[in-house]
Each structure stands twice: as C-alpha cells, then as structure tokens.
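Read in order, the letters of the sequence shown correspond to residues 1 to 363 in my numbering.
It is possible that some hints are incorrect.
What follows is a set of in silico ranges between Cβ atoms, one per label pair, in the way DEER data are often shown [to be verified]:
| hint | residue 1 | residue 2 | range |
| --- | --- | --- | --- |
| 1 | L344 | D30 | 27 to 33 Å |
| 2 | Q241 | R171 | 38 to 44 Å |
| 3 | D185 | E257 | 29 to 35 Å |
| 4 | Q252 | E325 | 14 to 20 Å |
These are calculated hints, taken from the structure and not from any lab test.
Glycine residues also receive a C-beta, built at the ideal position from the N, C-alpha and C atoms.
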Amino acid sequence: MKPLVVWQLHEGNISGANIAMIEYVTALSDTYRFHAILPHSGTMCAALEKQNIPFSIIYQYGWAGKKGNLIQIFRKIIRTFIAIITVRMLLLKLKPSFVFTNTLIPFVSAKVSIGLKIPHVWFIHEFGWEDFGFRIGWGNESYAFKKMSDWSNFVIVNSDAVLKKIQTLLRNVEIKRIYQPVSWDSHDNFNRTKIACFLMFGQLAPTKGHIDVLEALAIAHKKSPAKKVSLHIVGPSEDKQYVNFLYNVIEQLQLQEIVKIKEGYFDKEQIIPRYEALIVASNSEAFGRVIIEAKKAGLGIIARNTGGAPELLSKPQDHLFESIEELGGILSCYNHLSHNDSFLPYDEGEEILKLKNLLQSII
Numbered sequence: 001m002k003p004l005v006v007w008q009l010h011e012g013n014i015s016g017a018n019i020a021m022i023e024y025v026t027a028l029s030d031t032y033r034f035h036a037i038l039p040h041s042g043t044m045c046a047a048l049e050k051q052n053i054p055f056s057i058i059y060q061y062g063w064a065g066k067k068g069n070l071i072q073i074f075r076k077i078i079r080t081f082i083a084i085i086t087v088r089m090l091l092l093k094l095k096p097s098f099v100f101t102n103t104l105i106p107f108v109s110a111k112v113s114i115g116l117k118i119p120h121v122w123f124i125h126e127f128g129w130e131d132f133g134f135r136i137g138w139g140n141e142s143y144a145f146k147k148m149s150d151w152s153n154f155v156i157v158n159s160d161a162v163l164k165k166i167q168t169l170l171r172n173v174e175i176k177r178i179y180q181p182v183s184w185d186s187h188d189n190f191n192r193t194k195i196a197c198f199l200m201f202g203q204l205a206p207t208k209g210h211i212d213v214l215e216a217l218a219i220a221h222k223k224s225p226a227k228k229v230s231l232h233i234v235g236p237s238e239d240k241q242y243v244n245f246l247y248n249v250i251e252q253l254q255l256q257e258i259v260k261i262k263e264g265y266f267d268k269e270q271i272i273p274r275y276e277a278l279i280v281a282s283n284s285e286a287f288g289r290v291i292i293e294a295k296k297a298g299l300g301i302i303a304r305n306t307g308g309a310p311e312l313l314s315k316p317q318d319h320l321f322e323s324i325e326e327l328g329g330i331l332s333c334y335n336h337l338s339h340n341d342s343f344l345p346y347d348e349g350e351e352i353l354k355l356k357n358l359l360q361s362i363i
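Please work from the sequences and hints to get the whole structure.
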C-alpha cells in the first residue's frame, strides 16, 4: 500500500494554498495516499470530495494572542487543547508517513506530529504578515519561529522571495524552493476572443491590491485618454462590504466605463485567455499560481515586485512595478507581445521529482 500523507489545511474554504494542495495531491498520487484535516467546514469540503480525497474536520485556533478578553482567550486555549488531542487520536489511527501543513497559520498538526515522531513539512506558499495571524506564543515572534523550527523537518517554499525571508527566520531548518505544479486544460475549444486589456483574477479581498490598480488605471487613463485601456476584476468574494467599496472607488475615479467586476467562481481556462495581460498586485503574492496559469494561456504579466516571484517573469512581455505611479505608466503604454502558450520558467515534472526525492530522504 502507498504511504499515507496527512495534510493540514489552513482554512476550510477554497484558497490559493488549498488549490495548491490539490495540485500537489494530484501530482503525487502515483506515490502517496492523502487525508486532509480542515479547521472548519466550508467550500473546500466539496472540492476534496470531487477529488476523492478523504478529510476530517477538526476545529482549532492558533495560539491564544493578546486580543480578546480573558474568557475568549480561555476558550481558545481549551479549543486548542481539544484539537491537539483529536489530531493525536487521528494520527495514531491513520499512522501516516508524513504530515504536511499549509501556510504558517495552523500549528496543531505540526506540534502533534513531531511529538509522535512523524516527519513534518511546512508548505509556505506566500509571505505576508497576515500569514502570521496567530501570533503564536502570546505574540512573541521569536518564540513562534523557535517553535516552528522545532516542529519542522523541512520547509517547502514556492519562490525565491519566500526562500530568502524564511531562511532569515528559521535558521536551523532546511528550506527548499520547489515550484508547485499548476493544472491547465489546454483544449483549443475555449473562447479566446479578447474582451478587455487587463485582468485581475482571484479572491476579491483587501489584501489583493485592487485599489492600487484602480488608482494606477486612473493615472493611465489621464496620460493616454485615446488608448482603450480596460480592466476586469474577476473572482469569488465573501466580503460584500469590500466589493461595494470597490464600486465606490470606481465611481469616484470615474472608471465605470472601463472597469467591470465579475463575482463568483469561474473556470480559469474560460476566463484568462480572453485578456491581454494579467495584473498581480498583492503584497504577499509569493508564488502566484495565477501567473503560471496566465503564462500557459499566453498572457503577459504585470506584477508587484514587493512580495512576488519576479524570477517567474520574462521580458519583454512581463513587467514589474514598485509604485502606483510606475504601474500607471506601464498601463498607459502597454503593448502585449504574446508568447508560446507552453512557455514556462520551470519544468513542473522536475519540480515534483525533487519533492519526491526529498520526501524519500526522510522516511
């Protein structure tokens, strides 16, 4: 029987890191079996069922932080201890060969697996301080990093930027940069008729940089009013207040004619190929799987340089920006130079082979 991997997800809803988890499971399914742990129920349950990945829901908090009254903190501590006991019982029952943990937010499975002498691997897909939201150990970051080091056999990261940042935090842990596989249905029957110049594709959330892009688009429109620049913001939203805020900003900047918002889940192959360029503006978009999806569709990339993976971009069709003004200049004179749909800055098969070899070395 194939070795079993238990994968601790950081949230129960579909997210970039959770999608990456499914990509890894698919790529490693010839070698390993998988069982997922969710911290709460959500849209990820249906996604796991669709992929025939068994899962358990074990409610858990991060370490109790300084926020909240004593009763709230006490409840979090009790919930955490219950989660530790429940995860321990599950791991003793399943007897996995490895435990994987998505992002830096959950810690319960890491603590339990190391206590049971089961190899544990962190998968860190992006780096933003929101990923340290639990403020492990009462907000003491140095203590948090020490405990993460204690609970790690390896750390897998998805970009050079995250590699450098995590190396400075976890000095005694081996850290490997392994780019994830990104599935793409390359059927030619998808509609590739262009409907707008620029696309922001993904979750509609405040951390994704939409406001900066809208302000830059207003600058571009003033610089080149004759150039028909247009932007579609497409993706799921669980924050209607933020979406309404976006609409207000669009109106204030008088961009109603050139900016459209489309809420919901969409097949990436149906959406991405219909644009000239992808804009990635998140400060913590370390890997940016959507960058690879866009490359597979032949789009150019315009990405923020502060938290991204610039090594994935290529000239002349891709651009990095540091400021709103710089982005405005790029948008005002952007001319897309399409490249081959199959172009990728790395070999996905080789990356998965690296991961398999790495795991084999710690069995």
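Verification of the hints:
For the pair L344 and D30, the beta carbons lie near 21 Å from each other, so the given range of 27 to 33 Å is not met. One distance hint, 38 to 44 Å for the beta-carbon pair Q241 and R171, holds here, with the actual separation near 41 Å. For the pair D185 and E257, the beta carbons lie near 33 Å from each other, so the given range of 29 to 35 Å is met. Q252 and E325 have their C-beta atoms about 18 Å apart, which keeps the hinted 14 to 20 Å range intact.
Of the numbered hints listed earlier, the single one contradicted by the structure is hint 1.
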